[in-house]
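Work out the full structure: start from the sequences and follow the hints.
In our numbering, each residue's number is its place in the sequence shown (first place is 1) plus 12.
Please note that a few of the clues may not be correct.
Said to hold, decoys possible - Derived DSSO-like pairs (lysine-lysine); straight-line CA-CA distance at most 27 angstroms:
no. : residue 1 : residue 2
1   : K74       : K14
2   : K14       : K60
3   : K28       : K14
Stated by the list, open to error - Label pairs and their computed distance ranges (CB to CB):
no. : residue 1 : residue 2 : range
4   : E78       : N44       : 32 to 42 angstroms
5   : E72       : Y51       : 12 to 22 angstroms
6   : N44       : T77       : 27 to 37 angstroms
7   : H22       : Y51       : 28 to 38 angstroms
8   : V25       : G73       : 31 to 41 angstroms
I should point out that these hints are in silico values taken from the structure, not numbers from a laboratory.
Treat the numbers as computed from the prediction; the structure is a model and nothing was measured.
C-beta: ideal position from N, C-alpha, C; glycine also.
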Amino acid sequence: MKDLMRFVHHDCVILKHHAGSMGWSVDFQIGNTDLSLIYDRGSLVVIKDPTGEDKNLFPEGKDWTEVSLQDLADEMNKGFA
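Spelled out as structure tokens, the structure:
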């Protein structure tokens with residue numbers, strides 16, 4: 013997560029994290045917006061609270077084997093442009 017945040021062009025505060033047998037999640041804050049980065053069974057999404065809307069971070073046409081940290085950060089930055 014810290015490596016990913018180096019590529020996100022906004023101040024980010026990690027609030028908490030959880031790791032389980034099938035996935036993991038990190039709750040964090042950019043500005044006044046609370047978000048969760050969730051990986052579960054091959055799917056990586058960002059959940060934006062309080063609306064609960066989610067956004068798949070994998071760029072169009074790529075899967076988890078083809079995505080770099082820069083790709084993920086670029087997708088996150090689109091939401092805060």
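Non-conforming hints, listed in increasing numerical order:
Violated hint: only 7; rest satisfied.
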